[in-house]
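Taken in order, these protein sequences are the chains called A and B.
Following numbering that gives the first Met the number 0, the numbering of the first sequence begins with 0 at its first residue and continues without gaps.
Following numbering that gives the first Met the number 0, the numbering of the second sequence begins with 0 at its first residue and continues without gaps.
Quick caveat, the hints were computed from the structure, so don't treat them as lab data.
Some clues are possibly wrong.
As a list, the in silico DSS-like pairs of lysine-lysine whose alpha-carbon atoms are at most 30 Å apart [as the list claims (entries may be wrong)]:
# : chain 1 : residue 1 : chain 2 : residue 2
1 : A       : Lys273    : A       : Lys145
2 : B       : Lys175    : A       : Lys121
3 : A       : Lys70     : A       : Lys494
4 : A       : Lys121    : A       : Lys145
5 : A       : Lys70     : B       : Lys175
6 : A       : Lys235    : A       : Lys494
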Amino acid sequence: MPQQPYDVIVVGSGAGGATAALVLVDAGARVLLLEAGRMLTPATDFLSHEMPWDLRFRGEGPPGAYDGLWKINEYTAHLYTNPREDTYDALDRFHWTRLRAVGGRTNTWGRSCFRHGPLDFKPASRQGYGDDWPLDYDELAPYYDKVERLVGLAGQSDRYPNMPDGIYAGPPHPWRCTERDLKAACDRIGVPVLGERTAALSVPHDGRPKCHYCSGCGRGCPVGARFSTLDAIIPKLQGRPTFTLRTHAVAREVLVDDRGHARGVSFIDAVTRKEEEVHGRAVVLAASTVETGRLLLNSRSRQHPAGLANSSGRIGHHLMDTIKSGPMVGILPSWRNRPRVNDDGAGGSHATIPRFNYDRTNGYHGGYFILIGTGFGRGATATSGIPGYGASLKEEIHSRYGSVLSLRGYGESLSRYENRFDIDPGRTDAFGIPQVRFTCGHGDNERRMMEDMYGWMERILRACDAEILPYSKRLEPLGDATHECGTARMGLDAKTSVLNRWGQAHDVPNLFVTDASGFVTSPGTHGITTWIMALAWRASEYLAEGLRTGDIG
Amino acid sequence: MTTISRRTVLALLSAGIAHTHLEAAAAAVLAWRQAPAAYVPAFFTAAEHHLLDVLTELILPATPRSPGAHAAGVADFVDLVVAHSTPETQQAWRRELLALDDEARRAGGTHFTALADHGRRRVLDALSAEEAHPATDAVRAFVRVKQATIDGFYSSAIGLRQELGYLGPQMLAEFKGCV
Ligand SMILES: Cc1cc2nc3c(=O)[nH]c(=O)nc-3n(C[C@H](O)[C@H](O)[C@H](O)COP(=O)(O)OP(=O)(O)OC[C@H]3O[C@@H](n4cnc5c(N)ncnc54)[C@H](O)[C@@H]3O)c2cc1C
Ligand code: SF4
């Protein structure tokens, strides 16, 4: 047999895929990285500094254009997949936010990077619910170290329970006045407020500049001050003889040999629309949780009739996302008519409320964190419910601008078999690839947690003496937090899980998954991405060693 | 145009002028722009557009701090959005604006736009009194125009910069936080 040009085919260049490619190439493997989207040019693709009036629809896009997926707007529509163009069915709704381009969603992510701690890996044995992960925090900690050194975090040690301190390239971004006030109020009622640990640089790091505080990160950073695989990993790989990046390569199916082992990937070139095949000794999937599950379910063969590596029947099941409450908004009288300052900062808040329900009896499993929104942003705040018109209306909006504190709870959703996606027999995408459909929703545990979130958000706003605007309790549809995970779960038992503790498929020894598909739980701590990357790093070292010894491939 | 402004700014940044106030760069770009031609409504009739313009200025008028909705071109923006809305939404706009004008004729004997200022206010005061529980198309027109005016005004440079005083985005060498 002629020697294969590649050792490993990696699918997807986001958090999980680019990390795998870097570790594998550094270990000497020859890697082909298949990416469905195009290469991005930060200076022209990221509208970080644009103002509403620079865009035709003031940044909102034509009415209803993006189907309620709020991360997609006129500044980012050219980056994200439009759900109205690439449609999918979702009973009870699932907000599926996809970004096909080199770097995936690390181009636009929120950058919160809190570590998950010992309890998060052991919900069954240490917290009394769900299933344990097949590894523990101590095993992953060295990989968190490696990831954080690469990513470059602004943060500080807090010695906070179950949220281990990390490695920080620079200090945390300093708090706005409103964030200080919030901390003072929360101190009075025993609610913790910590500095953000964020992948927006407060010092130059690894050849990238520090943040210039334009708050445009959700549209992509023009200078690479926030971590993305586009800015921080791909440049380390390009030009190396053992690395090949193929853009516009939409993976359709993982190919298998007679033994049912992976032998390569077939993909469609999005430009020529031609189907091609590439071969390698191993395949790593990191196309993002749902896309990876879709690819596996679409890879049916004689050896794997229910989809590749799916003898457990679990692929597509146990779909989780961080649950997300609706907002609770308060107006702080003491903040009204504040002197204007540039509050933009490093995008998003510089302070956060971590999970704090550890020592209480809660009536539900798991926990949640609360995200805060304050400051003088690029739009009027809390303009609804003001009676009348004319100068008085204008005055009230002026007075409210920057006086608002808005809170949202983000918490664990339990892993349940019923929450799932499968292949929709009646729908394909523009390339003729069968699409998924979602059947999922919130359960009792999520609703009980939501009640607790609203109770505490109200207590916090009261402690701030806020005038609380009318709200109705609700949870956003699953997917809205863009932390979807769990649909090719890791576990010790091949009958109830898809991957082992190395992210290696139980059924297919030369197939690895390094995105959040393998997650066993979705704990209420903010930082799925560095968790993905740490697991990807560990899996890729294991794979590289297997390739070297010949145990794999 | 937006691309030029961004490129200009990025060029400044790469030249090491990281403190540069973005506004200065944006102003330079603006200066090259031609004065825009008069807006031709894409959905509303000339009469409807005029009514909308008058209503938006009454809702968010010029005040000592900043010009009002008319100067900010809010009616033009609303027309653009409605022109891209569903036929149902478009018909609702048309029907409700008509009902508002009917209300003016009932109360003041002529089109809303033909009323003197106090006549216009009398109509709007009556509609505004019911805005929390809109039961008629005329009240719904008020609610709809008010929301659209707020959206359009505060997403304009006049509304966000001059009226509210938003100071970003800048490229700061340092963010000091609360000082
Ligand atoms: C607005 C926003 C805010 C967020 N905030 C945070 C945060 O604060 N903290 C946090 O930890 N996480 C956050 N996230 C989540 C974070 O972005 C994801 O966890 C992370 O990007 C997932 O990595 P991934 O590799 O699984 O998928 P992605 O980053 O989505 O990458 C997947 C890649 O695979 C490619 N691909 C897909 N299908 C195929 C195919 N068939 N063939 C070839 N390639 C394919 C895609 O084009 C894409 O490039 C946020 C996300 C968004 C959108
Ligand atoms: S705020 Fe900082 S990290 Fe975010 S886009 Fe601007 S420069 Fe980049």
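Discussion item. Are any of the numbered hints broken by this structure? If so, which, sorted upward?
Written reply: 1, 2, 3, 6
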